[in-house]
Amino acid sequence: MQAVLWSVLKLLIVLTFILLNAMLLIWLERKVSAWIQLRLGPMRVGRPQGWAQSIADVLKLLFKEDIVPSRVDKVLFVLGPIIAFMPALMVWAVIPFGPNFVSADLNIGVLYIAAIGSIGLMSIFTGGWGSNNKWSLISAMRSAAQLFSYEVPLVLALIGVVMLAGSLSLTDIIRAQQETAWYILYQPLGFLVFLIAGIAEVNRTPFDLSEAESELVAGWHVEYSGLRWAMYFLAEYGNLLALSALAATLFLGGWTAPFGLDFIPPFVWFLLKTYLFVFVAMWIRWTFPRVRIDQLMDLSWKFLIPVALLNIALTGIGITIFS
Amino acid sequence: MSYVRNVANVVATLLVGLRVTLREWFSRSITLQYPEQRWELPRGYRGHPVLLSDEEGKTKCTACGLCVRACPTDVITVKGAKGEDGKRVATEWVLDMSRCIQCNLCVEACKFDALAMSDRYELACYRREDLLYDMDTLLELGRGDGVAAITVGDKL
Amino acid sequence: MEIVFWITAFVVIASAVGVVTMTNLIHSALLLALTMFGVAVLFVILAADFLAAVQVLVYVGAVMALVVFGVMILQRGPMNLSNMPSKHVLGGLFAAIATMGFLFWGLGSTEWPVSEAAPAATTVEPIAELLFTKYVVAFEVAGVLLTVAAIGAIILAKEVRAGD
Amino acid sequence: MTSAKQELHREEMVINMGPQHPSTHGVLRAVVTLEGETVRGVDPVIGYLHRCFEKICEQKTWTQVIPYTDRTDYVAALTNELAYVLAVEKLMGLEVPERAQYIRVIMAELQRIASHLLWFGTFGNDLGAFTPFLYAFRERETLIDIFEKTTGARLTYNYIRLGGVRNDLPADFERETLAFLEKLEKGLEEYHNLLIGNAIFEYRTKGLGVLTAEQAVAWGASGPTLRASGVAWDLRKSEPYLVYDRFDFEVPVGQKGDIYDRCICRMKEMEESAKIVRQALEGLPEGDVVGKVPRVIKPPQGQAYAAVEAPRGELGCFVVSDGGIKPYRVKWRSPCFVHLQLLDVIARGELVADFIANIGSIDIILGEVDR
Chain B
1 MQAVLWSVLK LLIVLTFILL NAMLLIWLER KVSAWIQLRL GPMRVGRPQG WAQSIADVLK
61 LLFKEDIVPS RVDKVLFVLG PIIAFMPALM VWAVIPFGPN FVSADLNIGV LYIAAIGSIG
121 LMSIFTGGWG SNNKWSLISA MRSAAQLFSY EVPLVLALIG VVMLAGSLSL TDIIRAQQET
181 AWYILYQPLG FLVFLIAGIA EVNRTPFDLS EAESELVAGW HVEYSGLRWA MYFLAEYGNL
241 LALSALAATL FLGGWTAPFG LDFIPPFVWF LLKTYLFVFV AMWIRWTFPR VRIDQLMDLS
301 WKFLIPVALL NIALTGIGIT IFS
Chain V
324 MSYVRNVANV VATLLVGLRV TLREWFSRSI TLQYPEQRWE LPRGYRGHPV LLSDEEGKTK
384 CTACGLCVRA CPTDVITVKG AKGEDGKRVA TEWVLDMSRC IQCNLCVEAC KFDALAMSDR
444 YELACYRRED LLYDMDTLLE LGRGDGVAAI TVGDKL
Chain E
480 MEIVFWITAF VVIASAVGVV TMTNLIHSAL LLALTMFGVA VLFVILAADF LAAVQVLVYV
540 GAVMALVVFG VMILQRGPMN LSNMPSKHVL GGLFAAIATM GFLFWGLGST EWPVSEAAPA
600 ATTVEPIAEL LFTKYVVAFE VAGVLLTVAA IGAIILAKEV RAGD
Chain R
644 MTSAKQELHR EEMVINMGPQ HPSTHGVLRA VVTLEGETVR GVDPVIGYLH RCFEKICEQK
704 TWTQVIPYTD RTDYVAALTN ELAYVLAVEK LMGLEVPERA QYIRVIMAEL QRIASHLLWF
764 GTFGNDLGAF TPFLYAFRER ETLIDIFEKT TGARLTYNYI RLGGVRNDLP ADFERETLAF
824 LEKLEKGLEE YHNLLIGNAI FEYRTKGLGV LTAEQAVAWG ASGPTLRASG VAWDLRKSEP
884 YLVYDRFDFE VPVGQKGDIY DRCICRMKEM EESAKIVRQA LEGLPEGDVV GKVPRVIKPP
944 QGQAYAAVEA PRGELGCFVV SDGGIKPYRV KWRSPCFVHL QLLDVIARGE LVADFIANIG
1004 SIDIILGEVD R
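Residue numbers (the numbering used here), protein chains in the order written: chain B, 1 to 323; chain V, 324 to 479; chain E, 480 to 643; chain R, 644 to 1014.
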């Protein structure tokens, strides 16, 4: 009984953490984009720097009318945002926040994350198809093609890390990095592939083709409003956060402290590294134009996958030589 | 080989782009926080026409109707009567701001220096009737700052 | 654990029935995904976590996405009539009963060995070892076969496009 | 194999892009036929912004028409005024003082820069890059401030008058304009680094939306859209009006006529315009800014056509007078209207994303298309 309570508590902590961070990320995205674009961003709600803007927005969206357009497939339309939230939450089960601070230290952690990532597609399907809108249909097809293509390099990029660590468990991978060095040093190619494929996986510019507001208006969530839309939005930022946490864990040593700076708690290090990736993703988003769907495919099949395979081969050779 | 060179070129241009945004990231923002901070308007900014008054505070308008004829959108209504000194004086001068396109043609048409452009720009109001500015309002606004009458051939 | 099993089993069977009875093809396909997901949960209960992850990755992530993708592109006419039940009720009934009977016969006549050993703590290493030693030929052949199939599919698609 | 080809049924999807769509630059509705994501046909539907401009002109006096011209192509209001005023002056045979002519050139060229800056920003937006938009607006705001100081308005200037311009330039106009041109140079370099020189941008624009020189001429294209196809036709050079023949400037010409060329043409045009403004400021003569104009404007019976090189192409104004105080007819030859019909020619067979880039590359302003 206590175990069950403990799991529920853990789940609640993780849930709160993600929701708060997703809201923080929304605020951060607006600020970062504003600073890059010579603007100030939100300033009014909450001083300084309009920190409460996301809270106000979420509250506003909560109280908005729940609009379900008349010709939609109601079941799918309602299910879409809920399914969207699921993978964003489930990923966090295996990500270690600190040495003994992980919800479930699965020994197949990396594989689990890859599997969860593939569920995300279902939410875009249900939402995009259920909306009964031509734009969202195109968007759903686009994201299907995109996720097929980017799942492969993403998993291939992870294989290098797994080969070095000799384990699929994220905790083991961090421990292995603690003994040697951060894997970004051993796996620069793998990291590059992971970064590009990861950004494509969470649908951010320059790969936000399924959303593409200048072409598809808003893609699969064009018919959504109010709370449902907010769930899609929070899920998007939850995914970004999860990806960043994963990158920090796999390539930057997770919660381990660099340069012997042990007095800062591991949890803080983990967050710092995660947010470093968040910033990079935002910086990229507000710099580049969007690529086209066929170019996106080209990038995956003609560049990322060969490079990822090369990385695996190099890693294999390296392991054979040095061990 | 050309594949590698192509990739290198792509990466190079992308890095150049990232450098631009990084530099601007740390440059000063140019946003004006509007209600608190305000734009400094140049002399001759065309807000909307107002009436100028003479030393005694009375209107210079003689209700000659030149402005009415010059106005492309027919927003000016003028009525005049003989004043105490026998000269014609405007008794009613109404501006319909809901249709005014702020083109300055009425100011240019006026031969009695009775009209000028105010630099007011916050013209929103809740009721349509409030957009009808009568003579007293326009005279009062004409006494404020930022009023200028610029006509054809003027130097600024 | 018992409760989780029964709930999962119910979900799997109910959604499997739904796959057959739904008249909307998309609903059927998504219910099939749910079935697959439920089976993955059953694998977790059996401590076969590697298998569960692969089940989700392959069946939910790839195969189901492909099915839904295909349905979306090729659908025709009103969606709620896209997956109508078959008119051959008698034949279907016979085939269903025959299959059921065969399965029950198979299940009943097999001797199920019950292992007293605790389930392996990690399943990844043993599976990897088996794949690369005992079953290496089968594993590689499957890989080659899939590659050939993929290339063949690409060639087919390419040729059709070139001819239009 | 043949049977497989026949069995593959291809379904076309008709999509209404607009009138409420973020990338149609106003209220344009494009009925797009799609096969998958490939555009199989474009049918632009116009008229959502129709305001009877030409008919209203017949109800207004010759002077009163000028503020209305501002509202057709609201991004380049000054060139609209110029086209109308030049046509009426031709009809009346008015003399325009030299200083006024120089001021008109300066303002028209600055207007071209302002318009192209806006185009650059929105085009980046069409491609999914939002940041260049705000960088372009940083420069454009400086320029609009200069306009505001000179004309009293930020968008609808009503500045160019029959026989000259409304008022002389403000005292520090030259200093501010030169400062702006320097800022623009830096800005253009930044835009190049950020967007135009970017590899993704090149992939998105090169070899797409190709308009050959023959097609461009046959469809009546003008301005940067025509010049990108390799036809060096610029009214400022080929049929000089005002005092354009006194300035030394190049006409940027593209080679392929694709989206990329159209972009480069516009970017280079900004540099050329800056050159013209610098020369005109240097040679700005003293004198009046308005010539002798009759009190009541009554052009003699007859007709006249005047065309100027507007930022978007040849902007023509045809006026007919019956000798009265109002125009008998005003006809607007709008470049955007002509270019809009090119959409089907250049976007067919490309992807939806390219269609958006194509709309952006011909730089349409719906206020001018519908009028």
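Heads up, some of the hints might be wrong.
[Unchecked claim] Covered stretches of chain B, as calculated for chain E (at least 3 residues, CB under 8 Å):
id, region
1, 267 to 281
2, 307 to 317
[As the list claims (entries may be wrong)] Now the in silico label distances, taken between C-beta atoms and shown as ranges:
id, chain 1, residue 1, chain 2, residue 2, range
3, R, E828, B, D172, 54 to 60 Å
4, B, A52, V, R361, 45 to 51 Å
5, R, R991, E, E608, 53 to 59 Å
6, B, M86, E, E608, 32 to 38 Å
7, R, K826, B, A52, 32 to 38 Å
8, R, E784, B, L261, 41 to 47 Å
9, E, F484, R, R991, 54 to 60 Å
10, R, M656, E, G497, 27 to 33 Å
Note that these hints are calculated values from the structure, not bench results. C-beta atoms are modelled at their ideal positions from N, C-alpha and C, and glycine is treated no differently.
Verification of the hints:
no.: 1; hint: 267 to 281; verdict: violated (count 0)
no.: 2; hint: 307 to 317; verdict: violated (count 0)
no.: 3; hint: E828(R) to D172(B): 54 to 60 Å; verdict: holds (56 Å)
no.: 4; hint: A52(B) to R361(V): 45 to 51 Å; verdict: violated (26 Å)
no.: 5; hint: R991(R) to E608(E): 53 to 59 Å; verdict: holds (58 Å)
no.: 6; hint: M86(B) to E608(E): 32 to 38 Å; verdict: holds (34 Å)
no.: 7; hint: K826(R) to A52(B): 32 to 38 Å; verdict: holds (36 Å)
no.: 8; hint: E784(R) to L261(B): 41 to 47 Å; verdict: holds (45 Å)
no.: 9; hint: F484(E) to R991(R): 54 to 60 Å; verdict: holds (58 Å)
no.: 10; hint: M656(R) to G497(E): 27 to 33 Å; verdict: holds (29 Å)
The structure fails to meet hints 1, 2, 4 from the earlier list, while all remaining hints are met.
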